[in-house]
Amino acid sequence: MAAKKTSKANVSKDNLMHFYREMLLIRRFEEKAGQLYGMGLIGGFCHLYIGQEAVVVGLEAAAEDGDKRVTSYRDHGHMLACGMEANGVMAELTGRSGGYSKGKGGSMHMFSKEKHFYGGHGIVGAQVPIGAGLAFADKYLGNGRVTFAYFGDGAANQGQVYETFNMAALWDLPVIFVIENNQYAMGTSQQRSTSSAEIYERGRAFGIPGEAVDGMDVLAVKAAGETAVAHCRSGKGPYILEIKTYRYRGHSMSDPAKYRTREEVQKVREEKDAIEHVRDLLLTGKHCTEDDLKAIDKEIKAVVNQSAEFAKESPEPALEELWTDIYAQAEA
Amino acid sequence: MAIEILMPALSPTMEEGTLGKWLVAEGDKVSSGDILAEIETDKATMEFEAVDEGIIGKLLIAEGTAAVAVNSAIAILLEEGESLSDAVPAAVSPAPTAAAAALPATAQAPKQGNIVEQDLPDGTTFKSQTVREAIREAMSEEMRRDETVYLMGEEVAEYQGAYKISQGMLDEFGSKRVIDTPITEHGFAGIAVGAAFGGLKPIVEFMTFNFAMQAMDQIINSAAKTLYMSGGQMGAPMVFRGPNGAAARVGAQHSQDYAAWYAHIPGLKVVQPYSAADAKGLLKSAIRDPNPVIFLENEILYGQSFDVPDLPDYTVPLGKARIWREGNDITLVSFGIGMKYALQAADKLLEMGVSVEVIDLRCLRPLDTETVVNSVKKTNRCVTIEEGFPVCSIGSHISSVLMQEAFDYLDAPVINCTGKDVPMPYAANLEKLALVTTEDVMAAAKSVLYR
Chain H
5 MAAKKTSKAN VSKDNLMHFY REMLLIRRFE EKAGQLYGMG LIGGFCHLYI GQEAVVVGLE
65 AAAEDGDKRV TSYRDHGHML ACGMEANGVM AELTGRSGGY SKGKGGSMHM FSKEKHFYGG
125 HGIVGAQVPI GAGLAFADKY LGNGRVTFAY FGDGAANQGQ VYETFNMAAL WDLPVIFVIE
185 NNQYAMGTSQ QRSTSSAEIY ERGRAFGIPG EAVDGMDVLA VKAAGETAVA HCRSGKGPYI
245 LEIKTYRYRG HSMSDPAKYR TREEVQKVRE EKDAIEHVRD LLLTGKHCTE DDLKAIDKEI
305 KAVVNQSAEF AKESPEPALE ELWTDIYAQA EA
Chain U
108 MAIEILMPAL SPTMEEGTLG KWLVAEGDKV SSGDILAEIE TDKATMEFEA VDEGIIGKLL
168 IAEGTAAVAV NSAIAILLEE GESLSDAVPA AVSPAPTAAA AALPATAQAP KQGNIVEQDL
228 PDGTTFKSQT VREAIREAMS EEMRRDETVY LMGEEVAEYQ GAYKISQGML DEFGSKRVID
288 TPITEHGFAG IAVGAAFGGL KPIVEFMTFN FAMQAMDQII NSAAKTLYMS GGQMGAPMVF
348 RGPNGAAARV GAQHSQDYAA WYAHIPGLKV VQPYSAADAK GLLKSAIRDP NPVIFLENEI
408 LYGQSFDVPD LPDYTVPLGK ARIWREGNDI TLVSFGIGMK YALQAADKLL EMGVSVEVID
468 LRCLRPLDTE TVVNSVKKTN RCVTIEEGFP VCSIGSHISS VLMQEAFDYL DAPVINCTGK
528 DVPMPYAANL EKLALVTTED VMAAAKSVLY R
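So the protein lines, in turn, are chains H and U. According to my numbering, the residues represented by the first sequence are 5 to 336, in order. According to my numbering, the residues represented by the second sequence are 108 to 558, in order.
Bound-form chain H, shown alone (with noise of 0.2 Å):
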């Protein structure tokens, strides 16, 4: 992981304790997530975001209201990273009336209008186009506001993301390209599925800047947010970010991860993980004691288990469901 580190400077109290909670809240959501599917309460697909957390929670402190944000099909932490409701996100999981597309979408398939989430897209690259869609119509409305299309290191294979590219830079679009390298597209590793070593490094073809950066250090992915945010907003075009990050879970529930060890996950998390390196920070500074994070502790677990129970208690869709929201009604 060979990315820029940012000096701690500047960071005050509330920042990490905001950076604090959020990632606790995904990390212990995902693990509940896996829990419930385990009981066979969630279906289908399900992709966990664990140890990824820092990517999401920095970059949306680095967003501004009314921006934009689009992603793949592993979701769930930049749904509650953005402010939706885990209830909704886990009544989702579960596909009853209380989830965010009232159980019609599943995991893989999340939006909400309200909170500028634009899914939540199950094909590997399709959301890269569509983000930078998402900023074309942005600079075409003339309001300022960016987009930040995440995709992983598997999607950067595909030939959609450089034919976007190519037009995000054409037109100069107001789109951060965010690259979550986990290193493992599927079960192929990055080695042996990509001809460049840095990612990003790709976008110079194009004319686009970027960078790597290191997404387990939580206030670098803020930092670096932060300057491809100011690129963008300032009209200057798309900007990559390559954020080398790590999942600790498999691909989906279903990978058995036979295609690294087990001592390769337990080395990131003993090393590199995200939320000791805040808490390490909150503690060594001095800025909280051990009883208080443990009552942050609690308080997320007390919101993840309530959208369980939310989740297991809502109904499931009406029958009816079935055929409606296929078309849109024309406004009277």
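To be clear, the hints were calculated from the coordinates, so they are not data collected in a lab. Source: prediction; values computed, not measured. Treat the hints with caution; some may be incorrect.
As the list claims (entries may be wrong) - Reference listing, derived: stretches of chain U covered by chain H, where coverage requires no fewer than 3 residues with Cβ under 8 Å from a Cβ of chain H:
hint	segment
1	149 to 159
2	235 to 241
3	280 to 289
4	301 to 314
5	394 to 407
From the three backbone atoms N, C-alpha and C, an ideal C-beta is built for every residue, glycine too.
Once you have looked at the hints, place chain U on chain H.
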């Protein structure tokens, strides 16, 4: 030996063109490669070069003459020392005037007959307009009406449209709203879907729907399904449009009719107009529709003229078939260019004393099965006509509907006339064989009429 210079074919579907301008005069010496004239095809103005050298003996067609048939003589080229009187006398006739030289169009649309117009205000007048002009007018009217509507695609702006559909639109709307894209269908279709999620109403032009295969994932998975997947929160109000189906002699990869493919998908609306009036009215409705609409055009129909209601805001609702002719003995159901064969067959059947009802579906999703079922309850016989492949065709779906909803009314099995179940061949004779023809329709009609 004098040589006749012939009107060239400069596009796959060109059957006639306008001799825009002569760049040589009688008596001029020309060599191979010299530009002789500017010729306007249905797509563009092209320069026409000399192949042989010699002296221009006579210009047979005045400049500005429209509808000059391909392969008709437009000039006489003499050899050095040869005089005009030495040349073939028959070829030497006075240069006709522009009006007199206009040859009858070889591919004229069948007369509209007793078309059943719906809901037009009393006293509506009609103007003659090509399908091309109608589509352009529909887009321009909607772009004037709604700032969030924009057009993007390959060659739509500076080139003025590969098929001249968007001619002049860049001038009127500027490069912010008429946008040339790189050749990257998957990418720009996805960008347009994102723009639609973000509050715009994109019109995406595919140079042909054959190229939209590259963009299929964005059309189906992103545009069509998101409203459902988001529980109704967001969808893609947009139009994907362009020519669909066979042009002429462009082979297997450029000739496919995708009507049935798109009609298969819940979340899409699918329109395939035949007439210019429907092209205009349906496209305006499609642009206003809050859903993704696939608008399938036809290159051969672009240059055909029809009567279009001369109204300031002419719209046609999506999902309603048009009855072109009313009749009692047999129902012919078609859409798009298939209507040409249906109407030609209807003319011939009429001569045999058969009363034919001709239905233009116009919209394939939602499909107006009610109009078809009601018609068949009256005529008891049905033939469907389309250019696409036979398996899982629009016709096979209609047959299924008729079996379920009009079984007891049928006096004969429904026959589907379709393109043949083969990739489109290039050879002229094989291509003709592969396409659906008026003869196919006649044979099917006679079969269901037991005549």
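The hints, checked one at a time:
Under the rule that three or more residues need a Cβ within less than 8 Å of chain H, the assignment of the segment 149 to 159 of chain U is violated, with 0 such residues. Closer than 8 Å: that is the beta-carbon criterion, and the segment 235 to 241 of chain U has 0 residues meeting it against chain H, so the requirement of 3 is violated. Counting residues of the segment 280 to 289 of chain U whose CB lies closer than 8 Å to any CB of chain H gives 3, so the stated coverage by that chain holds, three being the minimum. Check result for the segment 301 to 314 of chain U against chain H: holds, 7 residues qualifying (beta carbon to beta carbon below 8 Å, three or more required).
Judged by the Cβ-Cβ criterion of 8 Å, the segment 394 to 407 of chain U is covered by chain H as claimed, because 4 of its residues qualify and three suffice.
Violation of the numbered hints given earlier is confined to hints 1, 2; the remaining hints are satisfied by the structure.
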